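Engineer: In case you want the letters, here they are:
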Amino acid sequence: MSETRSSTAVRTILITTAGTNCDRELARAFALAGSQVETVHINRLLENPGMLREFQIMGIPGGFSYGDDIASGKIFANIFVDHLYNSIREWIEHGKLIIGICNGFQVLVKAGLLPGNSSAEAGPAQPSVTLTHNHHGRFEDRWVKLRSYSKICKWLPAGRELTLPIAHGEGRFAVATPDVLDDLNRQDQIVLRYVDGSGKPAHQFPDNPNGSLDAVAGICDPTGRVFGLMPHPERFITSYQHPCWTRFDQLPVAQGTEIFENAVRWIRQSGSIEIFDTAAAVAN
Amino acid sequence: MSVYRVEVYPQNPSDDATGAAVLNEIRQLGFNEIYEVASGRIFLLQGDDQLLTPAQVEKIASQVLCDPVSERYVIGAAPHAVGRLLEVHLKPGVMDPVAASTQAAVADKLQCPPGAVEVRTGRRFLLLGQVTADTAMMLGRRVLANESIEELHTSPLLPDAFPVGRPYSFKRVEVPIRQLSREELQNLSRTGHLFLDASEMAAIQNYFQQIGRDPTDAELETLAQTWSEHCVHKTLKAIIEFTHHPGAVENEGHDHHGPGDVTMRIDNLVKSTIFRATKELNLPWTLSVFKDNAGVIAFDDRHALCMKVETHNRPSAIEPYGGAATGIGGCIRDVIGTGGGAMPIAATDVFCFADPHTPENKVPAGVIHPRRTARRVVAGVRDYGNRMGVPTVNGAVFFDSRYIGNPLVFCGSVGLLPLDQAQKGAARKGDRIVVLGGRTGRDGIHGATFSSDVLTDKHGEQFSHAVQIGNAITEKKMLDVILAARDNPGGSLFHAITDCGAGGLSSAVGEMGSETGAAVHLDRAPLKYDGLSYAEIWISEAQERMVLAVQPDRLAALKSLAARHDVEAIDIGEFDGSGRLTLYYRGEVVGDMDMHFIHEGLPKPVRKAIWEDPTPPSVIRIAPPADLGRALHELLSAPTIASKHWIIRQYDHEVQGGTVIKPLVGPRNSGPGDAAVIMPVADSQKAAALAVGCQPRFGDLNPYQMALNSIDEAIRNIVCVGGNPQRIALLDNFCWPKCSDRIHLGALVRACQACYDGAIAFRTPFISGKDSLSNEFITEDGTRICIPYTLLISAIGIVDDVARCITMDAKKPGHRLVLVGITRRELGGSHYLMLQNHLGRNVPKVDLAAAPKVHQAVGRAISRGLARSAHDLSEGGLGVAVAEMLLAGGLGARIKLSPVISSEDAREDHVLLFSETPTRYLLEVAPSHLEELQSVLGDIPMADIGELTRDPRLIIESLRNEVLIDESVEALEESWHRPLDW
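The listed protein sequences derive, respectively, from chains V and L.
Residue numbering for the first sequence is 1 to 284, as defined by the numbering used here.
Residue numbering for the second sequence is 285 to 1266, as defined by the numbering used here.
If you are wondering where the hints come from, they were derived from the structure by calculation, not from laboratory data.
Note that the structure is predicted; figures quoted are calculated from it, not measured.
Treat the hints with care, as some may be off.
To be verified - Mimicking DSS-like on lysine-lysine, the simulated pairs with C-alpha atoms at most 27 Å apart in a straight line are:
1) 145(V) <-> 928(L)
2) 1096(L) <-> 145(V)
3) 1054(L) <-> 563(L)
What the hints assert, rightly or not - Covered stretches of chain L (in silico footprint by chain V; criterion: 3 or more residues with CB under 8 Å from a CB of chain V, positions within the stretch not fixed):
4) 336-350
5) 389-402
6) 556-569
7) 840-851
8) 937-949
To be verified - Residues from chain L that keep clear of chain V, each with C-beta distances beyond 12 Å, as calculated:
9) 300
10) 302
11) 361
12) 437
13) 647
14) 666
15) 1137
16) 1244
Idealized CB from N, CA, C, for every residue including glycine.
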């Protein structure tokens, strides 16, 4: 790989494990956005956590990690907490980006990395929010309307209206205590909400497809660099993925793409490559 | 050693989705006395006392098992003051994927070796309300547990220790058959569940008499598996003496038969019809047909596509969830094991059930209620397909009361593979025999032989061991390893690959080694638990295993690749060049047969078949119902036609990002798309369309036309989305009643002949197929229930440019609706007559001279962008087709029946509206395109029947130009949407 690597390239690592299944489309999304992408099995990362130094963006793709057999994302989250906690804290503190989509979001939440209010010294945070069984009790594949709200999230500016697909059985956002939601609002950490036809937060099925509290579909950490969401932006990176593109005279804009482009641009602009890509620079 | 019990509950009872779903099902059974069901999950943990201390159990419960935000846990059993407790636990030995994952997570948490803490899981339900113990137990059996794999308990289960398998003490078992009489041989076949007939048992006896010894149990099982209907399709390959009385239905005039009674001898039915068509067509894009696990066609200059459709009827009848899940899992493995290994990119599912509203007391003993079967089958496909990351994009459901004892579950899978890996690999002398994936257990023993006989009300008890439960994540890991091994930079790490399906290792190794011979050391196979005999290891149908032929110098590389993915790759022997199948257990020979006898020794008896096209009943003039609008509503609510959104949305039909025409279309993603389209190669505008055709009701009148109609329907569906009609490949799946009945076999012959005629006429080759030929159920009182003749035609078509794809939802007010094709008086087997409890007589007929031209012309029109929408006319005819286009698009229409081009005898309003004549399309065309459309269609019948309107009403004018139907589209949608909105 080193011959294609340049010290100015943005490099994304996708972490997979048994049951990950959205890694190919996520790799494509980051590649279209201009990043180099490497997909790494968790076992390889555990053998050599130092490899993280070569990357600036981390993606945890969707799927059914370990079958979601205890609860979605739970087992994968435990591996992050028990074996990679310090590496991930370091990653976040160095100003790098993380995205968790669907199962990846569930992993970030159950690992306590989202909403992620704890400091490194305090050790792993006790999860304060969760993603649990959809209110109607079934897996649901559906395109939904979303609106972005957060001004701190590096992945997506506020005020965007997006249409993206969801596909999950456990996506209902819930909090441990009501003040958690207040904190999230106060700290501007609610990035995405499900909205109805008029653009207002949706509280009824099917606009709110899973019964999420406050219609929350995605949140970020207080730095705005760690982002998790239930909808799948990597499934809307070409016009033909839109569910009714055949109705339009002009092909619709692929609205998922922007999220990945924003991340790559932010890394380029923040100068993180030169600072953190020392290992790659040495390799070259 | 201690066992601990942890219970996990939702913190807030209103979040108990599982409990609510169970309550809903109980209410549907009519038990309104229960007001709440509280559900919980149970984990039983067993470990050494040093390791598994109470503190560690607390840690496991709080950090691994319980979600601290939404759940709470109890160590031990939570007391309950009121209500009836029911617990469901898996029987020992049944695959428990949750336990397996939990065990690994616990080992990681405690930093102890995997398996040091063992886990079993269960489910707990507290039924609150007025309910007796007996009623609770009855509800447990109907709603909660399947006693072929699960146990119900009424008090908390906390065993002193987990059940352990008895260690196996090796004993070589010989079965003395050389001296047996014919009757005794038959008896042995029956009691040993071999399902072999008299001539087959005699052939085996003869072989062992010649070699001068008796067979071992493993040898006998090898032959029973290899010679089973399921594995070898002996009916379709048999010699058949077929007599055809054409009867009153006119002769189709092909070379199978002349006028009047004809008797002909058919040597190998499938070869002389279905294979023959593909061979005669000899199309350059069919790359590998009828020899690999799936049929392979060319896609672009770098890739090929493969497709396979399997049935998993028997296991699904007994355990719908596990049966359907392992059905899709097995079919995906078939695709993975095609050519040099393929990436599964799509799945399809088609089900046949009895009416979900069948009254409880009409369900025979030993049969699961069709509503529950449907729910559990859907859940099984959902949980396996979604976990595998394979989008389930197309399907259908057919309802008929005769499927009550034999529900049909068809699972299809499509794979993408490099063009240079399209051909089936061959094991070479010296290659190692490697089992990759899951471990071998006692699950699924006798699945292949069991699926080859008639079901009875006792089968649930007798064959619970034939039921397999899948573990999708094991299969997903295995897939990751296989694709990495295939794409190894220095060349593939294996020569050949096949799935371990029906018959287990005995079929997989036997087939791969049929040329080279194989020496297998059964004691090396990794086992889930102790106690399996060598014969059980050999025939177990434990899921998620594949057999690879691996070059000896690449074995180490394969093993280490597998280890990186936490997958086992075990060397169990060698393809040794002996031409024999030799089985060893701990060094001792437990089987040694000539491969030639195994694969060629099956006797070929002559079977008799007869078909007489039924004398049509005397003409009954059916007065059309006074209100045809009402009839249209009723048709839209018929379960076969009604919306399947409840099923479709439970499947992740978009994973992998390639689904560009989705199963639900239109502005609200609610319309019934004709076919799905997937774009499997990023950066290529080429795509593949997937569709099905199936018309079991027509089989009651004419199995030949039933098959042709199914083919025509599958082609129409592909054409409707923009598929190229010259690049469509077909797959056949026959599900039939028992073919020892000459009439059933005769009907099968006719259907196969239609497949030949249709494939040749449409130039649509068959590339793969399967059959399931014993679909009968014998009830407690001896009543025989035969399923209708069911032929599923699956079609895969190439879309040259995805930008040209269209969908069936009406797009724009002012556009014209154009009906292409001629309408005949063909209400026989129609849904319209079914609603009036008639079968009718005039089965819809495919005009093989005209139909191919219609498909080509419509395909051309769509590729030129002349149609904005297209929908095929099938169940419910024109009336249902136009209603579906409108409800999908949210528009109205005003149409006239007078311009419809029809045969003379069809000129009655209800016939024009509801006849199911094939080869018809309804197109939405911009007025400015009408002229060009006319010139593209040439002399093909085309009628401008009306206009799309903004006002969402469907107004249909009769032949006399009076308003015949005036219905709001919203109401029509409600009729269509509601029946299966569970």
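Engineer: Next, verify each hint and record whether it holds.
Structural biologist: Now for the hints, and whether the structure bears them out:
no., hint, verdict
1, 145(V) <-> 928(L), "holds, 23 Å"
2, 1096(L) <-> 145(V), "holds, 23 Å"
3, 1054(L) <-> 563(L), "holds, 18 Å"
4, 336-350, "holds (count 3)"
5, 389-402, "holds (count 3)"
6, 556-569, "violated (count 0)"
7, 840-851, "holds (count 3)"
8, 937-949, "holds (count 11)"
9, 300, "violated, 9 Å"
10, 302, "violated, 7 Å"
11, 361, "holds, 20 Å"
12, 437, "holds, 22 Å"
13, 647, "holds, 25 Å"
14, 666, "violated, 6 Å"
15, 1137, "holds, 26 Å"
16, 1244, "holds, 36 Å"
Checked against the numbered hints given earlier, this structure breaks hints 6, 9, 10, 14; the rest are met.
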